[in-house]
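Assemble the complex: chain A is given as a structure, and chain B must be docked to it using the hints.
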Amino acid sequence: MGDTVFAIQGADFVLMGADTSANQSIIRMKIGEDKMLEASSHMIMGATGDGGDRVQFTEFVQANMQLYKYRNGIALSTHAAANFIRGELATALRKGPYNCNLLVAGYDNDKPSLYYIDYLSCLHKMHCSGHGYGAIFMYSLFDKWWKPNMTLDEAKELAKMCLAEVKARLVVAPPEFKFKVVDKDGVRVVDLTA
Amino acid sequence: MARRYDSRTTIFSPEGRLYQVEYAMEAISHAGAAVGVLSKEGVVLAAEKKIMSKLLETSKTTEKMYKLGDHVAAAVAGITADANILINTARLSAQRYEFTYGEPIPVEQLVQHLCDTKQGYTQYGGLRPFGVSFLFAGWDQHYGFQLYQSDPSGNYGGWKATAIGANNQAAQSILRQDYKEDLTLDDALKLVVKVLSKTMDSTSLTSDKLELSSVTMEGGKVKYHVYTDKDMEPLLASVNAARAAEGADS
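As they're listed, the protein sequences go chains A and B.
Here the first sequence is numbered in the numbering used here, starting from 1 and rising by one per residue.
Here the second sequence is numbered in the numbering used here, starting from 1001 and rising by one per residue.
Simulated from the structure, these hints should not be mistaken for lab results.
Built from N, CA and C at the ideal position, the CB exists for glycine as well.
Hints are supplied without guarantee of correctness; some may be wrong.
[Stated by the list, open to error] Okay, derived cross-link-like pairs now, EDC-like style, lysine to aspartate or glutamate, Cα gap no bigger than 20 angstroms in a straight line:
id, chain 1, residue 1, chain 2, residue 2
1, A, LYS111, B, ASP1140
2, A, LYS69, B, ASP1116
3, A, LYS69, B, GLU1103
[Unchecked claim] Here are some chain A residues pointing at chain B (derived, C-beta under 8 angstroms):
id, residue
4, TYR70
5, ASN72
6, HIS79
7, THR151
8, LEU152
Pulled out of the complex, with its shape left as it was, chain A reads as follows (with noise of 0.2 angstroms):
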């Protein structure tokens, strides 16, 4: 729950921020930690989780993605890949499970799309969503603010909004937050303030 991931998926896009503190236990090992990993040229997997938990599992997301590449020459779509990791997770419950927790966003088909999913494998197609304590502050803003068809401007301000109540309410609340947008033109880190 120490990390917070979110994520508002607009018009032909999907904006995603998490938090850049990698801690251990009470203490902060380091900031600018990145953890909304690259899958793909148009997908990115937010994910929050420790014991090395979110860096194996997003990378072997990674890697299988690749592979399938590779393998059959046309990328995995956002929809085939959620629904991957969410039987990986699901296999591996019973077995050795990953305690990790993602938003997997990305843009196919000439549409964004945005997936929660949840360290039991729980899979939900959403247009807003979050992890971690942060994330709960956040629902009551995506309820009353998102609408269909947002602009990126406007998916900053409510992303902005939502890093206003966190940094007010959450006592353990991070520091610093990244941001990144899917769009047709693949992944880029973007400012909310710019």
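Structure of chain B alone, referenced to chain A:
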């Protein structure tokens, strides 16, 4: 020839041939023909039935055509019992993919998986190869309508029009002459029936000797349709008439 090498399926002969694979293909060349044609509106498969008996329960048994998934079907030429095993493997493969990825398996991947299985029987295990060739007809969102052919070696290729089984060389040469790009589904149906009527032994085609099916798109969903005897009547009538006219001219 080097006969003493025949009995081992999984070794080369001194001339660099795999005899068992070749013998499997020989078995298929005696089996009922199957023809496939790709059109822009869908893929058509036609096959010659070898087992004809009025006692056969035709509504319950199919000898040549099989549905592998909602979006892909196959026609078979060769040993039916061998085909049944591979059909089951293909169906499992398609469903496993859908279970993992939540979407239908791309047609070529299904073909590849089946062919990898067939290839295994030419290289290890000490079991004979499958005596079956397939024509796969399907649709996926990546490449639209597709037609593939595979043989006992595990080799496969994508085709616009092709034939397997008895007289397949004759069938292929007719296809080479008569196939055109941008065929409609109707054109493709007439073409497969025409090709079969020319390569089959019998003088005229009747619906009990034929299995005919198509993979098309209807209402945004892929449709696999097996033509009933009634559906086939007008098609066969026109092809038989054309053939009679040709016969009268020559």
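Just pull the numbers of the violated hints for me, sorted ascending. 4, 7 and 8
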